[in-house]
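**Q** Once you've looked at the hints, dock chain B against the given chain A.
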Amino acid sequence: MTPYLELRNVSVSFNGFKALNEFNMSVSKGELRCLIGPNGAGKTTALDIICGKVKPSAGSVVFDGTALEGLEEHRIARAGVGRKFQVPSVFRDLTVAENLEVARAHRPGVWANLRWDARRSGRKDIERLAQLISLTEHLDRPAAYLSHGQTQWLEIGMLVAQDAELILMDEPTAGMTAQETRKTAELFARLKGKHTLLVVEHDMGFVKAIGDVISVMHLGQLLAEGTAAEVEEHPEVRRAYLGSGGITNA
Amino acid sequence: MPSKMSSQTGLSRLGAQLAPILIVCAIVFALPLVLNNDFLLNKVARYLVLGILTVSLALSWGFGGILNLGQAMSFGIGSYAMAMALKLKTVPVHTGPGGLPDFMVWNNVARLPWFWEPFKSLGFALAAGIILPALVAAALGWFIFRSRVTGVYVSIMTLATMVVLNLVIIDQQSYTGGFNGITDLAQLEVFGIVFDTYSRATFYLVASCVTLSLLVAFAFTRTKAGLVVQAIRDHESRVRYFGYDVAAYQIFVFALSAAIAGLAGMLYTIVMEFASPTFLGVQLSLSVVVWCAVGGRQSLVGAFLGAVLVAGMQGALSESAAFLETWTLIMGALFVLVVLFLPKGLAGLAHDIWLWIAQRPHAVQDTALGVGQTREGST
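Line order of the protein sequences matches chains A and B.
Residues in the first sequence are numbered from 1 upward in steps of one, following the numbering used here.
Residues in the second sequence are numbered from 1001 upward in steps of one, following the numbering used here.
Calculated from the structure, these hints are not laboratory results.
Hints may be right or wrong, so weigh each one.
To be verified - Computed list of chain A residues with no C-beta within reach of chain B, every gap over 12 Å:
#1 F14
#2 G16
#3 R33
#4 G40
#5 S57
#6 S60
#7 Q179
#8 E225
Said to hold, decoys possible - Take a look, some chain A residues computed to stay more than 12 Å from chain B by CB distance:
#9 P3
#10 S11
#11 N15
#12 P38
#13 G80
#14 R83
#15 L132
#16 G149
#17 A174
#18 T181
#19 R182
#20 E186
#21 R190
#22 G193
#23 D203
#24 M204
As the list claims (entries may be wrong) - Capping the alpha-carbon separation at 20 Å, the derived lysine to aspartate or glutamate pairs in EDC-like fashion look like this:
#25 A:K194 with A:E233
#26 A:K18 with A:E69
#27 B:K1344 with A:D93
#28 A:K55 with A:E6
#29 A:K55 with A:E72
#30 A:K55 with B:E1236
#31 A:K53 with B:D1234
#32 A:K183 with A:E230
#33 A:K53 with B:D1171
Glycine is no exception: its CB is placed at the ideal position from the N, C-alpha and C atoms.
This is chain A alone, in the form it adopts within the complex (with noise of 0.2 Å):
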């Protein structure tokens, strides 16, 4: 089986600093897959690599037989990447419901969107999102108002408005309470299938009740892949840990 998002030999320096060297990785359709690894490890970079924010040095980035790499962001988003930041990024002045509303981009032109009709649409949609969510009664409700769980969850929901096949999700439970990273996780097996997800996370709680397969990253390359117990059980592993408390306080 050919792998759906498949990361070869990418490369790329900040100022003579390998954030990623010679990584690979694949992907298959429908998977949760988690990274994780040491700070520094390029996680995010890799997200980065793939989304279009930073461009390879070397290397290829292909999803679904199209080669990324080379494309402008909004195209690679349009080509079914979506992206969630580590810092929640949302739109701070616009409501819950226009945060919603922006992130349904199925007409992305300007001229489609000068209709009237382009936004009458999506009210039914928006409101079954933001019971997904539990923003329901923020709907109407600048967004700089929510607290930092409920951020997170809008662009979590903003990701499944938009409907992009590959989501990549950077440390989506960060700053979450037990409960909240708890919903969360429920949240995600709920989209796993019918979306690929490559997710960012440290705690390691909430990787082993989503993840099915786990990559592990150290210094730029992929170090190790496998279930949870077997990558806990995995020398190299182990070794890179080695001095931060291991896998599970890392």
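**A** Just chain B now, kept in the frame of chain A:
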């Protein structure tokens, strides 16, 4: 049930946003009934035109996040388009063969330059006054936004472009009238209506354009494209990762804003009866920013009223010798005060007061209830 409720709030929000525009436009149309003085009406018409110009800046700055310090460039282009057409309609008094404008005769120009030819058609001029600024803005926007220039650099580039055009117009005296501008114009005549600057017809023309500009700008902000533009203002890169071509949206709002400014420029020529390089000067362009900030850049009506009030005040004060020189100082102080204490301008202040009034009855009820409870407790 929830969907019905929310669509109702959606409608009432539309009404709440549209009502101030309609009220202000109705007042503008009613002004001739109160001000029975053609000279005064002409002055008010001038402020109204500057109001349209400020609405155009609110669209690009307040909604699009693009602080265009060269907004007067579009205004000036519109103004010159109208002036060129009206100049070619003047009865030749000082003119040479073929109705050559007087200043060209003085500068020994023998033939009408090629770029003046199409302005013999009034229809062309009226279209050009709107389309030309939009095209220039789109071209400039293409360079700026495709290269992902943002923030203060956009302001510097727009300001610099305007200064260059201003200098070219002053320098090319034989084709543009130079420092003097284009004066001694004919009166605009469309469908048999003569728009004498001191006539009611001109005032109603300006009032109609005020309404049109406010409604067009408002309609745009209500479309999804308008929403995406506001999203870009809040978080540009986030919008990009949803698949929107951010530069295309920025170029569009930049050009739409320029088109409205061009319309204002054409009206200004009709009201002032000349076109001058000062119409695309730095002082006017920066004044527009102050008016916009004072009125409230995220409110179209606010920006419009900000311009009318401050420009009107300026007009009234600068008639007395004491304020003629100090006016710019007052204006600067006003800007600093607004930026410090009213970041959303007068429109934001009005909104806060409105909310305060709307919530007061509940507050009164609550305290009454509280008093009742304590009484019960004490007895």
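**Q** What are the numbers of the hints the structure violates, in ascending order?
**A** 13, 14, 25, 32 and 33
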